[in-house]
Every structure is written in structure tokens, then in C-alpha cells.
Amino acid sequence: MTSITPEEFTKFISVDNTSGRLPALVCRYGEDIRRFLTEYCAEAQKNGAIIAGGLANPTPEQLKYYTEMAGQDFRMDAEFFQCVIGKLLPGCKANKKERLAEAMLGMFTKLQKEGKTAGALKNTFVKFMCWMYYRLGSLMEQNGNASAVLYEGDPSTYGFLFLRALCLAGCSVVILSRDRDAFFKTSGAKEDETLEIVPTNPEPFPDKFGVRSIMDEIVKKRRITVPSSTVIPQSSMYPTPCTNAWMSGDIFHDLSIPAKERGQEENIFYNAFCEIEGVDSPAAYQETLYRLAAGRKSEKHGLVIVNKSLPTPDAAAIAAVKRDPALSGRPLFRLLAGNFSFPENNRLETMVRDAFCHTMEEEAAGGMNGGRLTALGVYMICWLRSYAYRLWKGMHFPQVATFYRFGGSVNEKEAVFFRLLSMLPVDMVVFRPEAGEGGMPESGALFKVHLPNTARMEWFPEETGGKIGTVAYHAEQELDTMLYQDTGMYREKQFATADAVILQSMEEEIPILWDQELRFRPGFSSDGTVRMPVFLAKISGVKDGNTEEYWKKIQRLTTADTQVIRQIPKMSDDTAGRAQIPVTAFLKNKKLRTESVKNSPDYPYGFLREEVQDHILKKTQQLLDTGWIRGTWENGTEYTIVASALSLDKETLRLIQNFDFTKKNPKRIYLITGETQLSLRDTIEAALLHLIGFDILFFIPTGYRCVERYWNDFQITEYQSGPYQYDLRIPDFTTFQQTATKGWFRKFLGGL
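According to my numbering, numbering within the sequence shown proceeds without interruption in unit steps and concludes at 752.
Keep in mind the hints are simulated off the structure, nothing from the lab. This structure is a prediction, so every number in the text was calculated from the model and none was measured. Be aware that a few hints might be false.
Straight-line C-alpha distance at most 30 angstroms; calculated DSS-like pairs for lysine-lysine [unchecked claim]:
| # | residue 1 | residue 2 |
| --- | --- | --- |
| 1 | K664 | K308 |
| 2 | K297 | K413 |
| 3 | K93 | K110 |
| 4 | K598 | K650 |
| 5 | K64 | K11 |
| 6 | K185 | K208 |
| 7 | K185 | K297 |
| 8 | K64 | K297 |
| 9 | K260 | K393 |
| 10 | K110 | K190 |
| 11 | K413 | K308 |
| 12 | K663 | K493 |
| 13 | K663 | K552 |
Build out the structure end to end from the sequences listed, making use of the hints.
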């Protein structure tokens, strides 16, 4: 074994040519060893990785994830190795990926010559890849070659091979073992496979010497450099926060470390203040978050998870905060702080009040003043009151609670509140998986982590029933983004709502456009809001007086999604229709109280898809706003509109439930051959269905005003098709179709 001093090793790893390195072994102690390990540990935190506690065999979940990502194949070639590394670590730098693949190929070739079977080689490769992904993923994504790895303990045989592979790939590796003989016995390493770093003046290891004590020493040095604006003034009444300085840089691993294991110093608590933008692996991200939250819950400390944004304090909560408009500056801050009390922990109460005042002074120094500053203080007191017991009930220093804010943009008040929490015994973490704008402003204590990918998630997966995406699922989401955004292609029911516009055309174009998908009709657009070009027309008279051809034309328009209304009134004005609902409580200030409607025990549409319900209610409000129906907001007609909207029949609801706003839309044809006029409820229903997206045609062979009676502003396009015909009898279109087909077929055969 080659022995070198710490200074010689430092010079050795600084050489640009990093190929052929060996892991370095530290198994003897001295003052120069302590200094070297302190510097090397700091470097590993910043530009590498620290492995404490060994490399455990991959769990079944980790093996399953590997299989999802890389499949079951295994080949002994560098191209295959690079392919798998690229799948598991998409952010891996190209040069590191190539060197790691070559290093493993050389090592595996040697193992193969030593008699290892293909199955054993595959298992070793899978183990290496799981370790790389779950323990050292960020290391391979860093720029530069000289990534430092510090391993504490005696690695297993495969653990040592893995560390050797890292060396061959260009990393520097230092193994800290307190027992030289145990290291060689456990690892199976040969003496010529390591370098030994020896002290100038050897002495016994201190009792508690190790990575943890080294990191504590680093923390002490770092704390001096933390900006004073990021910590509250020290007090003998409560501990001092050590924010982020204890972290290694492996963010999810760091956040999972229990507070008591983050440092040993007394009167110190170790917390985190981070913003994590993006995700590392979309397929594993939800599982990572779930396990992170589950670990925090298992510690029995406070955990608060807020999705999207903090709720705005209500009027009662704001009114309960005592304040004096005559005060400003610190007297005002102390008065506001006095609104927070936490009787079960007086030290914590004092700490929260001091942190609050310190935060307010920072904002005042930054230029905020007057009413804005007071409003900010009131909001923060309301939030502290709301979350205090969930965070700190039953907690004692140096324990640390957890506050996760997930998704969405961070507003100004939230950012200040999160900075306040970071001064308290709380891990304050903002997760933004979709990244983009709206993140936290820069702050002296904030640790921002930028991950290479993004994911669309609505909620933090804190329950076991959370959704975990497979590799195929996330691949589909990426493909979905590529295919269905600004391409003219649309996935099934891509849009939750849409707006109807009246399609004006020549009468002869109606049969051509009638059965087309909406996306192919003139005027369709999906920029922001979907615009559906639909027919709303009245066809008066009979072209050329040819009644047979007239009925044939109507028959050809009767598609599978077409309702034909042969008799009116369909809905009588003297009945309330199918739904008997007290609608007077559903309108307030000319607005439909959607939640009240949905929460009513008589609400008839609860079985429909949520977005379908919302679309119907939204269009009901739109019909109220347009004033199309005569008497709206004048004589109580608005209540009839709501009652009619909640009385749609089963067949109509099924058509709406199945309606995709980019494809063929449902249709309704009214056949009115006599003098009967549409009832008020019929008019309301026709107008509402038009707004929902139905094609509506009124065939009036008589030309009478059978439709206009209750329209306030007649929107319907009218076509004068031909001379008026009276007392026409509506045929049975099923029989009529058979007859028409037979006649056409005979004509085709020459009149046989």
C-alpha cells in the first residue's frame, strides 16, 4: 500500500489527469488528519457527496423503479451502460457518463474473468445504479471532474467496488475507518487497491470523532458568516437557529435527517430554509415527497402542508388583532407581536415575538411603511395563530417542526412569512415542481435548489392514497405536452369549458358543416378560451315547395347525437319541470351562488362529471348576464331560468356528459308545423343549450313567429328557404328513411 500525507493527497487530486485514481483510506488520527478531513468534508458538501451509514442493499421499491426506468436487459458494453445512466440520471454530464460507463465496463470485465456469472454481474450493475441514483445523483450532474466523496465506515465488497468505480470515473474518494483490519476484512480490498493517508504525528481517535463531529465544526465556522439579517438577535431565553449550514447538498436526504442527528451543539437547533424548483425524476418525485412527509410524521413533530397558497385570513381573524394606528416602528411591532401567545412554551412564545419584530424591522428598513406594513404584520399574526399549535404543540428544543408550501406562485406576504418561519424551529420548504416564475425572492439564508425536470402536480402526496406516476405515465405526460399544445391536435376532453359563438353561413352550408367536428369548423380556436362555432338558426318555409325533399333534408341532419323535438311546448310554464328546487336562495346580487346550488340536498346533477356540472352552471350565469330572455331581473324570470337550467332531462344530460368541445357537438332540431309558440321554459332551455355548445335549428315551414316570443334580443339567424307550407304532418323518420333509401336504390338501378 502506498502511504501519503494529507498535503500530498491534496496535491495528487488537484492534478487534471484524474484517471487511474485509487480510493484513499484514513484509519489513523492526527491533527493534520483532522484539518484535512474538515476541509475535505466541506468540499464534499459543496461539490460531491458524503456517505455516512454505509450503502444498504436497494429496497424492493428502488429495484422496481430501476426496472421501470431501465428495463430487464443487461449487456456488457459501454453503450448500454451509458444508456442506462442517461435514463436514471438525465442531468448527468456527458463526460462523466462516458467515464463512469468505461470504468464500470473495465471493472465488470475483470469480474467476468474472475468467474462471475452474467446474473451476478447484472445484480451488481443494478445495485451500482440504485446507489448512484438514490445516494449520489447530484454528484454526476455537477460540472468539473474533481467531485469529492467522503465515505464513513467499512464498506462491503460491492460497496468498495462501487467506490473504486467512482475513482476510475474521475471522483476523489476518501474512506474514513477507525479500524484498518476491519476495513480490509469487510471490503475484501487488497492493499495495492488503496492509498493510505497517514498523519505526521499519530494519536488515538477521539471518542466521538467522525463525519458528524466534523460537520459540527464546519457549522461553527459557517455560522459566523451567516448575514445578521437572517437570524434573530441571540438570547439566553431560547436556542439559536443554525439554518442550512449543516446540510450536505443532497437536499431530499438532508431534509429527511431527524433534527437531533443534524448536530450536537447545545442551545442550537438545526433547521432548513429551502426552495426546490423542478423535480429530479418525474416518475419518482411523488414517492420521494410521500416518504419525506411520512418520515416527518413518524417523528411525532408538527407537520403543516399547504397547497398552492396560504388562505387569506378572514374578517374575524383580522379584527381580532389589536393594533394602534397612532403607533409606528418598534412600538407598533411589539404591540402586534403581543397578539401571539403560546402558553405551553414561554421560551418559544418569546422567540416567535422577537422573530416577528425582527422581520418587521427588516421590511421597514427595506422601504415598506404605513398601512402596507401594518397589514403585513396583521396577516403574519393571523397565520402564526392559525399554524402555531399544529407546528409546535408538545415540542421541545432542539426538536424542529416542518412547514411545506407546495406548488403555485409565492406572493409578497407569503415570502415574508416564510422568512419569519425560517428563524424559528421549523424546516421551511417551498416546493415548486413546475418551476417557472413566481418563486421566492433571494434571501441571505434561503437555499435555492434547481432540479432539471418539471412535473404537473396539484397536491402534495401526503396520504397513502396519493397518486404515484409510472415511467410510462410521465412519458405520456411529456408526449401530451408535445402533441396537444399549439399543434391543432387535442386529447380526449382536454378542455373543461368553452364558449359558443353563432356560426353564420349560407343555408346550403348547414348540411356540409352539420356533422363536422367543431375543430374543423370556421372560427374555431383554442387560444386561451375554446371558441365553438355552433348553429343557432331558424329555417322558414319549404324550398321550392317540395315537402318530400324538405323532410329528407331534415332526416339527413338527424345524426346519433341529434334530438328531434316534434311537439311543443316541451316544457310547460305551469310546472316546475323535473327538479322541484327552491331556487330563490341561489341568486344573490345577480350572481348564481354555485356552491350553494351544489350543496343543496335537492341538487339533481351531482352524478355528472365535476367539470360538466361547472360548465352547465357557468352557462346558466352567462344566460342571466346576457339578458336574452325577456323579463330577466325584471319580473322574476331569473328564477325561472335557474329552475329550467336544473330541470334538463336525462337524454340531454347524457349528451352534455359525453360532449368533447373539440369534436362533434350535440344537436337539437325543433319541428314546428302549426301555430304553437315556444313556452318560456322551452326558450330558456334552447338558449342555454346553445351556450353549452349545442347546434340548434328551428324548422318552421309556416314562417310563423313561433320562436321569438320570449327572446329579448333575437339572436337567431333566420333563413327564408322557400314558400310557406301549412298543416304539414311530421313523418316517422325511421320509416321515412327506409322508404327514401329504397327509392334512391331503385333510381340507381334505373327505376326497377
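* **Earlier hints that do not hold, by number** => 1, 5, 7
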